[in-house]
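J.: Sequence:
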Amino acid sequence: MSRVDVLAVIDDHIGHYATVQKWARDEGNHHYADELDEHSGTLTQLRLTRTAITELQAAARAYLAARDLADQVTADDRLRAALAACEPTDPHNEREAVDGLCVEENDDEQ
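Residues 1080 to 1189, numbered by this note's numbering, are exactly what the sequence shown covers, in order.
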């Protein structure tokens, strides 16, 4: 499996969105800029996703670095919270979180 710098990918998308939005405004293409504004929730969601992934990575590192019981308990709680923040909460979402991992729902399971 190849490694992917997830944060760099998200940063690229955030940067591209901001660049296109600035270009549209500077060029006087207000219609296109207004359309981008309507999708500003996407930019916000990208930023929130970046924050959640950053915390998940930090929590996982803290979990691996814990050496005594007190540190382990604290790191465990932090990791559980970080995983929960990355799990879908939309009841209509087609994916379901199971033990911190997103898996496809299967209606065939009995």
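Just so you know, the hints here were simulated from the structure itself, not pulled from any lab data. In this text, all values refer to a predicted model and were calculated from it rather than measured experimentally. Treat the hints loosely; a few may be bogus.
Claimed, not checked - Distance windows between CB atoms, simulated:
1. G1120 <-> D1147: 16 to 24 Å
2. D1155 <-> N1108: 18 to 26 Å
3. R1146 <-> H1118: 21 to 29 Å
4. I1093 <-> A1164: 28 to 36 Å
5. Q1136 <-> G1094: 14 to 22 Å
6. D1090 <-> R1159: 21 to 29 Å
7. L1125 <-> V1152: 12 to 20 Å
8. T1098 <-> Q1124: 16 to 24 Å
9. V1152 <-> G1107: 16 to 24 Å
10. E1117 <-> A1144: 15 to 23 Å
To be verified - Derived pair list, reagent style EDC-like, types lysine to aspartate or glutamate, alpha-carbon separation capped at 16 Å:
11. K1101 <-> D1116
12. K1101 <-> D1084
13. K1101 <-> D1113
14. K1101 <-> E1117
Note that beta-carbon positions come from the ideal geometry of N, C-alpha and C, so glycine has one too.
J.: Evaluate each hint against the coordinates.
T.: Going through the hints against the structure:
1. The supplied range of 16 to 24 Å is broken by G1120 and D1147, whose beta-carbon atoms lie about 43 Å from each other.
2. The given range of 18 to 26 Å is broken by D1155 and N1108, whose C-beta atoms sit roughly 51 Å from each other.
3. At roughly 46 Å, the beta carbons of R1146 and H1118 sit outside the given window of 21 to 29 Å.
4. Here the CB-CB span from I1093 to A1164 is close to 19 Å, at odds with the stated 28 to 36 Å.
5. Our hint of 14 to 22 Å for Q1136 and G1094 holds, since their Cβ atoms are close to 20 Å apart.
6. A hinted range of 21 to 29 Å for the beta carbons of D1090 and R1159 is consistent with their spacing of about 27 Å.
7. As the Cβ distance of L1125 to V1152 is approximately 33 Å, the hint placing it in 12 to 20 Å is violated.
8. Distance hint check for T1098 and Q1124: the Cβ-Cβ separation is about 18 Å, which falls inside the suggested range of 16 to 24 Å.
9. Against the hinted window of 16 to 24 Å, the Cβ-Cβ separation of V1152 and G1107 comes to about 58 Å, which falls outside the hint.
10. A hinted range of 15 to 23 Å is violated for the C-beta pair E1117 and A1144, which are about 44 Å apart.
11. Proposed proximity of K1101 and D1116 is supported: the alpha carbons are some 11 Å apart, at most 16 Å.
12. Only pairs whose Cα atoms come within 16 Å are accepted, and K1101 paired with D1084 is rejected, the gap being roughly 26 Å.
13. For the given pair, K1101 sits about 11 Å from D1113 by alpha-carbon distance, which is consistent with the 16 Å threshold.
14. Restraint check for K1101 and E1117: the C-alpha separation of about 15 Å stays at or below 16 Å, so the hint holds.
In terms of the numbered hints stated before, the structure departs from hints 1, 2, 3, 4, 7, 9, 10 and 12, listed from lowest to highest.
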